[in-house]
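Asks: Whole structure, please, built from the sequences with the hints as guidance.
There are 2 protein chains.
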Amino acid sequence: MKKFLNTTDTLLAESLDGFAAAHADLVILGEERKFVRRRTLKPGKVGLISGGGSGHEPLHAGFVGMGMLDAACPGQVFTAPTPDQIAEAAAAVDTGAGVLFIVKNYEGDVMNFDMGREMSGATVAMIVTDDDVAVETSTYSTGRRGVAGTMIVEKIVGAAAEQGADLATLQALGTRVNAATKSMGVALTSCTVPAIGRPMFSIGEDEIEIGVGIHGEPGRRREKLQSADALADEMVGAILTDFAAPPGDVLLLVNGFGATPAMELYLMYHAARRVLEGHGVRVARSLVGNYVTSLDMAGCSITVTALDDELARLWDAPVHTAGLRWGV
Amino acid sequence: MKKFLNTTDTLLAESLDGFAAAHADLVILGEERKFVRRRTLKPGKVGLISGGGSGHEPLHAGFVGMGMLDAACPGQVFTAPTPDQIAEAAAAVDTGAGVLFIVKNYEGDVMNFDMGREMSGATVAMIVTDDDVAVETSTYSTGRRGVAGTMIVEKIVGAAAEQGADLATLQALGTRVNAATKSMGVALTSCTVPAIGRPMFSIGEDEIEIGVGIHGEPGRRREKLQSADALADEMVGAILTDFAAPPGDVLLLVNGFGATPAMELYLMYHAARRVLEGHGVRVARSLVGNYVTSLDMAGCSITVTALDDELARLWDAPVHTAGLRWGV
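The listed protein sequences correspond, in order, to chains A and B.
Numbering-wise (my numbering), the first sequence opens with residue 1 and increments by one.
Numbering-wise (my numbering), the second sequence opens with residue 1 and increments by one.
There may be inaccurate statements among the hints.
The list treats identical chains as interchangeable, and a pair is accepted whether it falls inside one copy or across any two copies.
[Claimed, not checked] Mimicking DSSO-like on lysine-lysine, the simulated pairs with C-alpha atoms at most 30 Å apart in a straight line are:
#1 K224 <-> K3
#2 K2 <-> K45
#3 K2 <-> K224
#4 K3 <-> K45
Think of the hints as simulated: they come from the structure by calculation, not from any bench.
Replies: Encoded structure:
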């Protein structure tokens, strides 16, 4: 294993310290680095919190700031944050309007966010994202996994929170965005968790994992490398099949898992867009880059969100975070 | 080799088509994809053009837009753009105030931009960047290489161009920014050029290349992997030694080469910042992420630009490109 680090025990702390220093205009670190908090809270606004295992950066700390999250709780690499992290974050961002948790559907995360809610004493609602259409149950999840679509839920709900929506409205909105959002991923390589020091799984020189999760957990099947067009056909096909009604305008996110060059991501975007347009779907908004990663995994996921005017307007609203910024 | 592509011959074209479609609000593609042009030119503004081999994305096409470049000429992977690409881009962005080329100091690039200048018929000035302090001459360059600092030159000169500075002023400014900017890189792995299909160089499981260039070309030496702190000590040390006078306020850029996770980049930022502060240097501006990449290489570079009030103000000015955006 070759990584930039001093010791695996201090990797997360040093990385968080670097993140907080680089973005000191946006965020502060909570005590004992239990959470990353938006520097300036907006009194009366519902507090939005997400979090999960580290190694998916910029998700989640990179989405703390105006128009998105108020706090993120970083667990150890690929490990859920602890309930006390979550409870302290909730207390730190609650300005009286309640707190909304946005949690990826992984058992450890859902359990700990549930416990954190009980411990917090705050009025907390929760959205569990499960946008991954690849598999119905998985290594670490009961039901579908929450993957790259989570950042779309965070963005759209974050915009509505910024505009003053109340807790019940935000929970309903987030549930609606999650239902309108479908993802599927493919891995070309494994990723290596620093504390373990070897790849999470082994994969042949000519093999790919179709439907992979964001921790390298298995997807639908292992097979030989295919062309980008064939992959886009299968992934977008699986996504479109999952919509009850064919979407009209969509947001198309092509998300890199960490080690895939931008050239290839834009090529996959081109391929995915062609498939969508072939089905009469109009790509009205686009995002291409590393947003929900799996450490140093090569691969990507495709996410499609069916947009209506409200969702498009909230997507377009200003956002100022380390990982996503426009309009400000 | 496992990459997302259909054929290596069409990779660049499909990627550019995807890029232009994803960022249709910002850019258009020139005929035969010879250049990526800012969608809306500003009459009377000096036209800024950069370019070079593909594989360094978002550099350069990702920096086309308001406050930065007017056009970028993408060559094949790690191959200079042709003179006719450059000449046509110059003609396409010249609105009467002349054109400025910003060129990384690599022999192929400098030669072709020189020929493009002669062919264009426009009034053209040129800045050659050579921020890499690692080696004095290299595989593909006479004199120091132009690396990640190039995007800082593009940003600062781009802001001044947007504000109406004339060609001579911009050339002098770019020359000054380049002289105030120093970089050094380190590779943990090689990168793989798609058309070649195998790594550019071989490197042991526990080895790193200190002072690597952005095409995987050799740097100062090959050695065993060191701690992040030791690497930051050496890299920042080499950079600071290169300044004639110790800088006061600086911009610190920690740039990923493509396959290094954000966690590690922020850890390196933390380490580099500590070294700078130990030398009495204040980090006044920061940027951490993949900006000048080497396909799928794992590694990073550190860049330090000595700031004065003018450079800081121009750095902060609004920019709206695919790869860098703030203030708008």
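Asks: The structure should be examined with respect to each hint, and the outcome stated for every one.
Replies: So, going through the hints one by one against the coordinates:
1. K224 <-> K3: Both: 28 Å inside a chain and 12 Å across chains, each within 30 Å.
2. K2 <-> K45: neither (43 Å within a copy, 47 Å between copies)
3. K2 <-> K224: both (27 Å within a copy, 10 Å between copies)
4. K3 <-> K45: Neither: 40 Å inside a chain and 44 Å across chains, both beyond 30 Å.
The structure fails hints 2 and 4 (numbered hints given earlier, in ascending order).
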